[in-house]
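Protein chains in written order, with the working numbering: chain A, -18 to 237; chain B, 1332 to 1559.
These are calculated hints, taken from the structure and not from any lab test.
Don't be surprised by glycine CBs; every beta carbon is placed ideally from N, CA and C.
Every clue listed holds true.
Not close to chain B: a few residues of chain A, all C-beta gaps over 12 Å, as computed:
| hint | residue |
| --- | --- |
| 1 | Ala(-15) |
| 2 | Arg185 |
| 3 | Glu202 |
| 4 | Asp210 |
Derived Cβ-Cβ restraints for the label pairs, each shown as a range:
| hint | chain 1 | residue 1 | chain 2 | residue 2 | range |
| --- | --- | --- | --- | --- | --- |
| 5 | B | Tyr1396 | A | Thr0 | 41 to 49 Å |
| 6 | A | Lys112 | B | Gly1448 | 33 to 41 Å |
| 7 | B | Trp1358 | A | Pro58 | 46 to 54 Å |
| 8 | B | Lys1390 | A | Asn(-1) | 24 to 32 Å |
| 9 | A | His179 | B | Lys1556 | 33 to 41 Å |
| 10 | A | Lys112 | B | Tyr1553 | 30 to 38 Å |
| 11 | B | Lys1556 | A | Ser8 | 48 to 56 Å |
| 12 | A | Phe224 | B | Gly1448 | 37 to 45 Å |
| 13 | A | Arg108 | B | Ile1453 | 30 to 38 Å |
| 14 | B | Lys1556 | A | Asp81 | 15 to 23 Å |
| 15 | A | Lys213 | B | Ile1453 | 43 to 51 Å |
| 16 | A | Glu107 | B | Ile1547 | 41 to 49 Å |
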Amino acid sequence: MADALLTIDNIVKRFGDNTILDGISFSVKKSEVIVIVGPSGCGKSTLLRCINALEPIQDGKITLDGEVIERNSKTLPLLRQRIGMVFQSYDLFPHLTVLDNILLAPCKVQKRDKEEVKQEAMSLLERVGLKEKAKSYPRELSGGQKQRVAIVRALCMHPEILLFDEVTAALDPEMVREVLDVMLDLAKQGRTMLIVTHEMQFARAIADRIIFLDNGKIVEEATPDEFFDNPKTERAKQFLNTFEFDSVRAKKELAE
Amino acid sequence: MQDLAVNLGIDVLFKGTNFIRLLGGLWTALWISLVSVAISIPLGIGMGVLMTKKNRILKAVLRVYLEFIRIMPQLVLLFIMFFGTTRAFGWDLSGEAASIIVFVLWGTAEMGDLVRGALISIPKHQYESSEALGLTNTQTYLYVIIPQTIRRLIPLSINLITRMIKTTSLILMIGVVEVLKVAQQIIEANRMTSPNGAFGVYLTVFLLYFIACWPISMLAKYLEKKWS
Ligand SMILES: Nc1ncnc2c1ncn2[C@@H]1O[C@H](COP(=O)(O)OP(=O)(O)OP(=O)(O)O)[C@@H](O)[C@H]1O
Ligand SMILES: [Mg+2]
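Using the sequences and the hints, build the whole thing.
In structure tokens:
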């Protein structure tokens, strides 16, 4: 636990009487990639939003490098700069060009030198294959391109940890890959990431650890191989079966 | 050429100071609407912001005000303001003052609703992704929310302004010297010499309003396209 970057300590999240997260604890080490999976509505998005204090928690504690993340605290904007987040819905600012979307926070929030950030932004855009889109507006981009820009925008803040909430869920199938490839590349660079996804093969490829969430609790926490090949709990087996069914049918169709 | 002018009754305009008088009328109308617009916009912005607040009583009051202004024909409001206040409170409002008050009441209500609409149309995730990037509340409004609100608002408010200018023709009813009134005076005065005067004068009035409003609505269309 000593070298944990992010620590989630027994957090409880309720909406009214509805307990969504019921005593969740885990920690993320530097350079670790953790994938969170679980049935729809089990609270994966809520968990990520709590980590960023977009949602208040009712109990427990979240710390980044020892500093408590709390809603309404003075240091929150500072802590948030160290946590990058990419959402499922395309959340670029529609009135700004791709480049200005990326520059806004580093220049206005971190007060960094505009030219320096611009250079960094351009080289990151090049890396995700979008250099020539720097002057475009978000509405001129495809969903996959928007998500790659959103990732670059988060990276330009030099975050210590990245949170991804089903960033490919709203994409057309042919665009999923280009976004996942960017994330795989980030993992190779040794970035610390917390990823929520429904792409099981991707989860297996990228994760150091899988956390399976259900009914507000962590039901299983294992390496990808353990989790996918030998799930210990019945619920995890059932959950994985819902994906199996699809692939069996796909195989049949192939055979025909 | 001369014949055509007489047939259409346009010749009236070239008699004496008729055309200048007509322009003067248009000026009064424009002046009244511009003053009303200038007062309505800041008041409307305030009202729109208040309408998005959570306070239920405040919301209800503003809602009733908006609906009342919308349901009442402007003409009726003008009469109430001009004649009604004299009866009820013994005020002696000038025609201009009464017109401006009514137009401000109307403009504030409509503008307020536009501002409210623009504010609530900004999706929640725009606030959230700003927050997630570490922007403070003030920075979020300054760099993300307000610029988007203004972009949505400008074409709509220009549209409102053109409507307000057009509606000034109603002011005639309470006797403020204004385009239509001047027009009627001209028509009356020239009934003998230019029997077709009515057509020509109204045609000119139509053109004058068109010339005043058309560029404004073109601008609105252009901005709407550019910023949508
Ligand atoms: N603002 C809110 N108010 C009330 N209930 C909410 C709110 N946001 C989420 N919930 C509830 O919390 C539960 C968890 O939602 P959440 O979005 O975290 O699920 P999820 O695991 O991300 O699901 P999915 O895989 O479909 O994205 C759901 O039952 C949802 O209805
Ligand atoms: Mg979700």
